[in-house]
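Q: Using the sequences and the hints given, assemble the complete structure.
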Amino acid sequence: MQAKVYVTLKKGVHDPQGEAVRHTLAAMGHKDVAGVRVGKYIEVALSDKTHEEAEATMKEICEKLLANTVIESYRYEIS
Amino acid sequence: MQAKVYVTLKKGVHDPQGEAVRHTLAAMGHKDVAGVRVGKYIEVALSDKTHEEAEATMKEICEKLLANTVIESYRYEIS
Amino acid sequence: MMADTTITPKLVEEHGITEEEYRHIESVMGRTPNITELGIFSVMWSEHCSYKSSRVYLKNFPTTGSRVLQGPGENAGIIDIGDGIAVAFKMESHNHPSFIEPYQGAATGVGGILRDIFTMGARPIANMNSLRFGDPTHPRTRYLAKGVVAGIGGYGNTMGIPTVGGEVAFDPCYNGNILVNAFTLGVMDSSRIYLGKASGVGNPVIYVGSKTGRDGIHGATMASDVFGEGGEERRPTVQVGDPFTEKLLLEACLELMATDAIVGIQDMGAAGFTCSTFEMADRAGSGMVVDLDKVPKREEGMTPYEIMLSESQERMLIVARQGREDDVRRIFEKWDLDVAVVGQVTDDGRVRVMSEGRVVADIPVAPIVHEAPLYERPVAEPSWQREAQKLDIESVEIPADMNETFLKLMESPNLACKSWVWEQYDHMVMTNTVVTPGADAAVLRLKGTDKGIAVTTDCNSRYCYLDPYAGAALAVAEAARNLSCVGATPLAITDCLNFGNPEKPEIMWQFRQAVAGISEACRQFDTPVTGGNVSLYNETKSEAIYPTPTIGMVGLLDDVNKHATPWWKDEGDVILLLGASEPDLGGSEYLYAIHKRVAGRPPQVDFDREKAVQNAVRTCIRRGLLRSAHDVSEGGIAVALAECSLTRPSGMLAATVTLTDDVRPDVLLFGECGARIIVSTTPADAQAVIEIARELGAPAREIGRVGGRMLAVNNLISVAVAELHQRWSSAMPKLMGE
Amino acid sequence: MKFGIIVFPGSNCDHDCLHVVTKVMGQEGFFLWHKEKDLRGADCLILPGGFSYGDYLRSGAMAACSPIMDSVKSFAAGGGLVAGICNGFQILQEARLLPGALMRNQTLKFICKDIYMRVERTDTPFTGACRPGEILKVPIAHMDGNFFTDKKQIERLNEQRQILFRYCDEGGRVDADANPNGSMEAVAGLINEKGNVCGMMPHPERCSESLLRNRDGIKIFESIVNWAARKGA
Ligand SMILES: Nc1ncnc2c1ncn2[C@@H]1O[C@H](COP(=O)(O)OP(=O)(O)O)[C@@H](O)[C@H]1O
Ligand SMILES: [Mg+2]
Numbered sequence: 002m003q004a005k006v007y008v009t010l011k012k013g014v015h016d017p018q019g020e021a022v023r024h025t026l027a028a029m030g031h032k033d034v035a036g037v038r039v040g041k042y043i044e045v046a047l048s049d050k051t052h053e054e055a056e057a058t059m060k061e062i063c064e065k066l067l068a069n070t071v072i073e074s075y076r077y078e079i080s
Numbered sequence: 002m003q004a005k006v007y008v009t010l011k012k013g014v015h016d017p018q019g020e021a022v023r024h025t026l027a028a029m030g031h032k033d034v035a036g037v038r039v040g041k042y043i044e045v046a047l048s049d050k051t052h053e054e055a056e057a058t059m060k061e062i063c064e065k066l067l068a069n070t071v072i073e074s075y076r077y078e079i080s
Numbered sequence: 137m138m139a140d141t142t143i144t145p146k147l148v149e150e151h152g153i154t155e156e157e158y159r160h161i162e163s164v165m166g167r168t169p170n171i172t173e174l175g176i177f178s179v180m181w182s183e184h185c186s187y188k189s190s191r192v193y194l195k196n197f198p199t200t201g202s203r204v205l206q207g208p209g210e211n212a213g214i215i216d217i218g219d220g221i222a223v224a225f226k227m228e229s230h231n232h233p234s235f236i237e238p239y240q241g242a243a244t245g246v247g248g249i250l251r252d253i254f255t256m257g258a259r260p261i262a263n264m265n266s267l268r269f270g271d272p273t274h275p276r277t278r279y280l281a282k283g284v285v286a287g288i289g290g291y292g293n294t295m296g297i298p299t300v301g302g303e304v305a306f307d308p309c310y311n312g313n314i315l316v317n318a319f320t321l322g323v324m325d326s327s328r329i330y331l332g333k334a335s336g337v338g339n340p341v342i343y344v345g346s347k348t349g350r351d352g353i354h355g356a357t358m359a360s361d362v363f364g365e366g367g368e369e370r371r372p373t374v375q376v377g378d379p380f381t382e383k384l385l386l387e388a389c390l391e392l393m394a395t396d397a398i399v400g401i402q403d404m405g406a407a408g409f410t411c412s413t414f415e416m417a418d419r420a421g422s423g424m425v426v427d428l429d430k431v432p433k434r435e436e437g438m439t440p441y442e443i444m445l446s447e448s449q450e451r452m453l454i455v456a457r458q459g460r461e462d463d464v465r466r467i468f469e470k471w472d473l474d475v476a477v478v479g480q481v482t483d484d485g486r487v488r489v490m491s492e493g494r495v496v497a498d499i500p501v502a503p504i505v506h507e508a509p510l511y512e513r514p515v516a517e518p519s520w521q522r523e524a525q526k527l528d529i530e531s532v533e534i535p536a537d538m539n540e541t542f543l544k545l546m547e548s549p550n551l552a553c554k555s556w557v558w559e560q561y562d563h564m565v566m567t568n569t570v571v572t573p574g575a576d577a578a579v580l581r582l583k584g585t586d587k588g589i590a591v592t593t594d595c596n597s598r599y600c601y602l603d604p605y606a607g608a609a610l611a612v613a614e615a616a617r618n619l620s621c622v623g624a625t626p627l628a629i630t631d632c633l634n635f636g637n638p639e640k641p642e643i644m645w646q647f648r649q650a651v652a653g654i655s656e657a658c659r660q661f662d663t664p665v666t667g668g669n670v671s672l673y674n675e676t677k678s679e680a681i682y683p684t685p686t687i688g689m690v691g692l693l694d695d696v697n698k699h700a701t702p703w704w705k706d707e708g709d710v711i712l713l714l715g716a717s718e719p720d721l722g723g724s725e726y727l728y729a730i731h732k733r734v735a736g737r738p739p740q741v742d743f744d745r746e747k748a749v750q751n752a753v754r755t756c757i758r759r760g761l762l763r764s765a766h767d768v769s770e771g772g773i774a775v776a777l778a779e780c781s782l783t784r785p786s787g788m789l790a791a792t793v794t795l796t797d798d799v800r801p802d803v804l805l806f807g808e809c810g811a812r813i814i815v816s817t818t819p820a821d822a823q824a825v826i827e828i829a830r831e832l833g834a835p836a837r838e839i840g841r842v843g844g845r846m847l848a849v850n851n852l853i854s855v856a857v858a859e860l861h862q863r864w865s866s867a868m869p870k871l872m873g874e
Numbered sequence: 498m499k500f501g502i503i504v505f506p507g508s509n510c511d512h513d514c515l516h517v518v519t520k521v522m523g524q525e526g527f528f529l530w531h532k533e534k535d536l537r538g539a540d541c542l543i544l545p546g547g548f549s550y551g552d553y554l555r556s557g558a559m560a561a562c563s564p565i566m567d568s569v570k571s572f573a574a575g576g577g578l579v580a581g582i583c584n585g586f587q588i589l590q591e592a593r594l595l596p597g598a599l600m601r602n603q604t605l606k607f608i609c610k611d612i613y614m615r616v617e618r619t620d621t622p623f624t625g626a627c628r629p630g631e632i633l634k635v636p637i638a639h640m641d642g643n644f645f646t647d648k649k650q651i652e653r654l655n656e657q658r659q660i661l662f663r664y665c666d667e668g669g670r671v672d673a674d675a676n677p678n679g680s681m682e683a684v685a686g687l688i689n690e691k692g693n694v695c696g697m698m699p700h701p702e703r704c705s706e707s708l709l710r711n712r713d714g715i716k717i718f719e720s721i722v723n724w725a726a727r728k729g730a
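Chains as they are written, first to last, in our numbering: chain A, 2 to 80; chain B, 2 to 80; chain C, 137 to 874; chain D, 498 to 730.
None of these hints come from the bench; they were simulated from the model.
None of the hints are false.
Examples of chain D residues lying across from chain C (beta carbon under 10 Å, computed):
| id | residue |
| --- | --- |
| 1 | GLY507 |
| 2 | ASN509 |
| 3 | SER549 |
| 4 | ILE608 |
| 5 | LYS610 |
| 6 | ASP611 |
| 7 | HIS639 |
| 8 | LEU709 |
Estimated spans, in silico, between C-beta atoms of each pair:
| id | chain 1 | residue 1 | chain 2 | residue 2 | range |
| --- | --- | --- | --- | --- | --- |
| 9 | C | THR794 | A | GLU61 | 56 to 64 Å |
| 10 | D | LYS534 | C | LYS430 | 31 to 39 Å |
| 11 | C | ALA536 | D | ARG628 | 49 to 57 Å |
| 12 | C | ALA536 | D | LYS648 | 53 to 61 Å |
| 13 | D | GLU682 | C | LYS430 | 50 to 58 Å |
| 14 | D | GLU682 | C | SER202 | 53 to 61 Å |
| 15 | A | GLU61 | C | SER866 | 29 to 37 Å |
| 16 | C | SER866 | A | LYS60 | 34 to 42 Å |
| 17 | B | GLU53 | C | LYS430 | 33 to 41 Å |
| 18 | C | LYS430 | A | GLN3 | 48 to 56 Å |
| 19 | D | LYS648 | C | HIS731 | 54 to 62 Å |
| 20 | B | HIS52 | A | LYS60 | 33 to 41 Å |
Just so we're clear, the structure is a prediction, and the values are computed from it rather than from any experiment.
Glycine residues also receive a C-beta, built at the ideal position from the N, C-alpha and C atoms.
A: Next up, the structure:
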C-alpha cells in the first residue's frame, strides 16, 4: 500500500520560505502570484496488509515524526 | 485562483531525507514502512483571470523556480 | 479581543495582573483601561519586561568601570577596548519557547539576541549558547536537544555569524524546563553608539523589517508563567524565525547607521511594538503617536490589541531625523524589506495609539515604565539546604578499577566531547575564529588590529543548588579562568539568571544568594555587569530547576598572536600545575556520575589565589613561555589531563603525570576545586614559568611530561589515548541515538 | 587582477572572500550586487558562500534567478573564470553552469569541520599552484553538499576529468569514512568541461592565513592569480 502525506503550516503561522519565493517570483515579473505557502509532500510505501493497519500506522507516524504538530497540520491518503 | 504543486524527486534520484525518515521509523518500530520519499507541496495563490493564464504562469514558474528539473519532477492542479 | 470588551476581574487575572496591580493601573490611567491598554500594561508589567521580583537585588551588581560605555538598561552593554573600538554583548534566555517548540524557540532566541546587538550599531561577530537539558534518558530530552541545537545552528549559520562557544549540561532537574541562553557579541566604532531613544518632537517613527502577524501574542506573559500540566497546549503562539530576513535587516540597519539619519533605534523583542514605543519614549522623556493602520501586516483583520502585543520576529523601530524618511526608505527597499512611517515623536509624555482614525490606547509613559510593580518577595533558606551540604566522605566507596571509573566519567553526558553540538554550528564564518570550540574560551581576532576578543559562558548549577552564593561566585571565577587560559584579560560580564518561581521564599533566597555571589566575584575580578536577563518561573508541577545563573564573560588580548590552546604540543614538554591542590568531592561530577549523589559543599572561591593563578597564566602566555594552558574544572585533574591529550587537532599525544598530594585516590584524580590550571612548556622554559608564578603569588610545580600513547597518572590510571578518545567522542552521538 | 565578488541577499562569506583576495593576496576586489548587470571589468567572479535567500526552497535556487546571473552566464561562455564556493557552488548548479545537484547531507545535519580533499587535477586555473594529488585540509560548513547525478553523467565527469577535488582522509585515501556528507564519488568540487567554471563545497577562504591555523586554502587563490598573470590580466 501507499500513502501520500501533505504537511502544511497551520493557518496564521509565518512562512518565511513561501514569502521569499513569492518575492523572487515578483522580481522575476510574476506579479500574478499573490501568495505562496511551502509545505511537504511525502510518499510512504507500506507493507501493511489492511487499510485499517495502514490508517493506524499513518496516523502515528504523522503525529510522531512527519509533521511537527505544534506548527503544522497534515492529511494523508492511503491507496 | 489557486494552484497546488507537487514536487517529487525523480525516480532513481537518491533521497537522503526520505532514507533518514525511513530509518528513524524503523528504529521506532515501524518495520511496516518500506520506503519514504520526501517532496514538496506548494500552494500558490494566483490573481490570473483565466485558466489558460494560470496554466501558463504555473508552467513557467515550476520550470524556472519551483522545481529543479535535473532531479525533480512536478505536477500541479489549478482550481 | 475587540475594543469594546468589558474589563472583568477574570480578564484582569487572565492577563496575569493582580488586583492590587489593577488598582494601580486605574489610578495611573485615571479611568478604566480598555482592552488594548490592559494588554499593554500586562506585558509591560510582566516579570519578563518589568523585572518586578528581581530589581531589588539586581541593583547590587557592580556596573561601572573605566571601560564601561553602556551599562545595564539598554539593549546591550558596551565596553571600550581602545583604539576607538568598542564591543557590545548580551545574553538572553528563550527557555519556555524552546521547550514548546525546540527548533523555532531556540532559533528565535538567537534572532532576538542578535537584534539586541545590532540595534546598538555593532556588527555581531560571535554567538555562544548555554544549554541545559533533562536526563539524557528522559523521553523528551533527545527531541529537545536535537531541535534546540539545530535551531541555534539554523539561525546563526544563515546569518553568517559564527557560534564559537557555549556549554551543554544534562540533569534531571531540567526534565520539564530546559534552558536555552543565547549570547551575542558585536564590534563597533566607540563613537557611534545607537540608543533606543525617541527624541526630537516631530521626528518620524519608522517601522522596518518583517510584517506583523499574530505570532507570539502573550509570549511575554508566557515567559513569566509557571508551566502547568497543560503547558504543552499553549501552542499556536509559537513564533517562526526567519534568519534570511534578519540578515537583510542587519545589513540594512548597519548601512543606515553609517549615515546620520537615525536618532534612536530599538528592536521589537518581547512585547513587540508595545515595549519599543514605550521604552524609546521613556528614555528620551518624550511621547509618541503611532497609527496602527500604517503598520505592515501579514494577516487580515488584526485588532489593535493583537498588533500591539504581537511578537513577530525580525522587526525594528527607528526614530529618524525629520526629512530623512526617504534615505531610510531607499536603504530598506534596496534590501527588499518593509518600511513604513507609523508615527511621530511628541512631547506630551504619552504614547497614543491610533487605529481607523480613533485613539485606541492613550497611556502616560513614565508611570507605565517606572511605576511598574516592585516586589521585595519573602526570602527563606530552603529547609533542605544544610542537609544537602552534608557529605560524609567515608560513605563514598573508593572504586576498585580507576581506569574504568575514569573512562566512565569521560563518557558521562556532562563531560563527553561536545563536538556533536558545535559541528552543527558554523564556527568559522567571518574568518576571525582563532581559537575554535573545544578550548577553554573562544578567541576572535579583530581584523585591522592586533587585538583579540575572548568569550566564554560558564555555570555549574549543581554547585549553585548546593550553595547558590559560592556556586555563582565560582561561575564568575571559572569564566575568568577560562579567559585567562587563552591569554585574555577578563573585562566584563553579562548574565542570564535562570531560577524557579520567585513567589516561593526558597527560590527568592537562591536568587538573592546567587546575585550576591556574582556581585562579590565581579568586584574581585573587576569585571562589571553590563547587562543580562532574568528568567523566573522555570518550574513544572512545582519542581524547580537548579538555580542556574549563567555567566557570559568577555576578555581582551592586546596581541592576538599571543594566545594559548589547551592541547599538548610536543613530546617531552614539561607539564606544570599552577595553583595548589585542595580538591574535594562536594558537588563534584565524579560524585554525581559515578556514585549518583548530589551532596556536599561546592568549592569556596579563594579570590586571592584565583587572581594570582590567572594572572600567572596570562603573564606567561604573553611572554610566549607556554605551549598549552587548560583549567581544571568538572571531573578534576584526570579529566583535565585527558582533555589536553584529546583536543589536539592533529593526532593525540598522551602524558605521564605524578601527583604527590596526600589524599585518597579518587579525590586526587577527580576531586574539584577552583584556581587550578595545567600548563605545558618546553623543558627550557619550565623554570622561568615556575619563577613567574611564584613571583605573582601562584603556587606552581612540575607534575609530568607530554608524550606517548598512554595517559598515566601515578600508578592509578593508565589508559591508551585512543581508547579514551573513542569513549569520550562517541558518547554524545550515542546519547542522541546516532 | 580584479576579483568581482557577487553579493546575493543572504550571502555571508562575501566579506571573507574580499578579505583574502585584497588583504592576503594583495589583488583588487569589489562587490557586485545581484541586481546589477555590469561586471565592472572583473577578471574572475567569485560566488561566495552563505545562505542566499535563506536556502529556502532549494539552496541556490532563487539566487540562480537573480538579474546578475545572465551576465555571469555570458561571462562564463566567453571563457571568464568563475568560482563558486559552497552556496556559490549550489548556485552554479542551479544555474546549470555546473552539472548535478547538491542534496541534503547524509546525516541531515549542518556540518562545520575541517576535512581533507585530494586535488585531482592541477592543469586548471583553480589548482595550478597545487602538486598533483596534493591533500589539502580545508573546512566545510554546509547542510546541502551531498553531490548527486545520474550514472551516465558521473561516467562522463570521470572521463572528462571534471572532478576537481575528492574528500579523502589525511593520507589521501578516498573512502566512506572520509566522506563527510555522502557525496557520490566523494565529489568535493567540480570543474566544467571548458575548464573555466569551478565549484567546491569546502571553504578555501577560511584557511588562508596562519593565524587561522592553516594556509592550505591560499593555494586556490594563488592558482587563480598565477593563471591570470600568465594570461596577462
Ligand atoms: N552549546 C555549545 N555551543 C558551542 N560550543 C560549545 C557548546 N557546549 C560546549 N561547547 C564548547 O566545548 C568546550 C568545552 O566546554 P566546557 O566543558 O563547558 O568548557 P569549560 O569547562 O572550559 O567551561 C568549550 O570550547 C565550549 O565552548
Ligand atoms: Mg575550562
